Amino acid sequence: MKLPIIRILSYIILVIAIGIYALPIMWIFLTSLKTRAEVVLLPPKFIFTPHFENYLNVLFQPGINFLQALLNSLTVSLSVTAIALILGFLAAYTIARYRTGGKTYAFWILSMRIVPPIVIIPPMYILFATLKLIDTIPGLVILYLTFNTPIVVWIMKSYIEELPYEIEEQARVDGASTLTIIRKITLPLCAPGLVAVAILTFIFSWNEFIFALVFTDLKAATVTRTAEKFVTLYGTMWENMAASAILSMLPMLVFAFIIQKWLVRGLTMGAVKA
Amino acid sequence: MLRNFRIRSTHFLKRKGTSEQSSFSTFFLTAIERPRELFIHRNGWFERNLRYVLNIPLISVLLLVSIFPLLYVIYLGFTDANMMNFLNPKFVGLQNYYSVLIRNDWFVVSLALTLGFVSLSVTSEFAAGLVLALIVSSLRKATRITVVLLTLPLVIAPVILGNMFRYMLHSLVGVIPFYLEQVGIKPLSLTSSTESFILMALVDVWMWTPFLFLIAYASLQTVPQHLIDAALVDGASRFGRFRYVVWPSIVPNLSVGLILRIIDCLKTFDVVYILTGGGIGSPVGPVTFLSILIYKITFSYYEIGVGASLSVLTLIFLSTLLSRPFLRLFFREEERK
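As you go down the protein sequences, you meet chains A and B in turn.
The first sequence begins at 977 in the working numbering and counts up one residue at a time.
The second sequence begins at 724 in the working numbering and counts up one residue at a time.
Honestly, the hints are just simulated from the structure, not real lab data.
The structure displayed is predicted, hence computed values, not measured ones.
Don't take every hint at face value.
One-sided excerpt, in silico: chain A residues whose CB lies under 7 Å from chain B [stated by the list, open to error]: (1) Met-1002; (2) Ile-1004; (3) Thr-1070; (4) Phe-1083; (5) Pro-1098; (6) Pro-1099; (7) Leu-1243.
A virtual CB, placed ideally from N, CA and C, is assigned to each residue, including glycine.
Put together the whole structure using the sequences plus the hints.
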């Protein structure tokens, strides 16, 4: 009988890979439960009495405003997702069905995916400074549209192209206007794709850093911006940093676990056609 | 071909009822006389020009966040703008370009570093992702839980992960250097120059291998089983099946994933900023990739004009490098038909 060497080797590699990904996150979780003395201790302690003070510190210490940051992140991400979906879906429909603007228009939209955010930051900073939009949530929403709309247009365009045109044609014969067709036929058929794209834009907006770093300070600071504040002000307070890291990744992890099927779909949809 | 015909035939059907007047005069006449009809009438102006009207919201946003900043950054590149006079800067011609290209070699060095970083990390991510995907798809058990676990790092903010690694790689309190020294390996340090470059690449590989893994895994699921069975009947070896059956059918999808990853990797900012602060001292350090360089020149040295000239050079480079493969991917369905 042949020994399943390859299979055993596969499982070993798999276990190592999962370990490489799970251990750091578990380590940060353990760190967030330690006291300051235990955090800098080497060799590290694996068995200790857990302390939950760090979480309370992060959440309620006046200088950090973590709850406010969570709320800001949620507001910005939800509004960006909604706006990007509406703008992107309408444009994607016309590009998929009518080839509006041809390759030039499509490339114009997609090129925003190539442009590094740091390139548009100085001009937008000057503009926002004159419009008094710095450190406000609407300003951040406008900036976040730059990298989210191209994704929506790209994915929805290919999604709409996969839908059968015959259904829309039938509705047209029955006397429906294009707007009615979009609202009553294309939109419901696109629902799975829209959900996947919405999840993707929400995650990208939640995780965005460089715009938040430059354009927000106190009022509109997002979760990622707060994480950066820990580095500079409380550079050695690792236990609070770990607690804030766990608090900001927890919503995303729970969210990702629940909608796991949609997530994989969204992440691979630009690339993989079923 | 068929679809084009259908679209044209629908248009023919639609046009039949409309008047012969030009669209602009109809628009104004209706707008004045019967404004409601513009929007509710089946053959109204709104309905006939819907394909353009629906793009107006997106185009207005694009004008604000894409055309305006690009024109403005080109203008700023020719001026001596800094933090004090950025509202009415002085025109200095090509002086900024002379300073970043000829007097100092900032752009070229940073570009070389970025390209080295991208090729190193993306190649490793691609190889690791593909191998993992092949392993996971060949197993019968534990595939689902692996896919779930490997997806999770993708939803955590890079900044948070950067903070996490900053703690674990710290030369005094970090666990990773500590255990490496216990085993007898000399750990890489974030403060040393060349070693921080390799560490950056390693962290990038950790963070983004799951993305290419997901792409590879999802495309492996789409390979038709009957082709593999046919190759098996013909006596193809394990390698032969992969090389001549699986590989050709996953290559198009993999290349899209690869291009997306290359684009994002060229823009790397978050993790490098968190882990090294972009390097202190001279403008160009070992991890001063293009985004970091522009950020430092603009926000640490307050030379907005010089930063803008670097931005323009970066844009020229990126668009010549990426626009063609990018466009081809976007329109690949049509070319295949």
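Hint check results:
no. : hint     : result
1   : Met-1002 : violated, 11 Å
2   : Ile-1004 : holds, 5 Å
3   : Thr-1070 : holds, 5 Å
4   : Phe-1083 : holds, 6 Å
5   : Pro-1098 : holds, 5 Å
6   : Pro-1099 : holds, 4 Å
7   : Leu-1243 : holds, 6 Å
Hint violations for this structure: number 1 only, all remaining hints satisfied.
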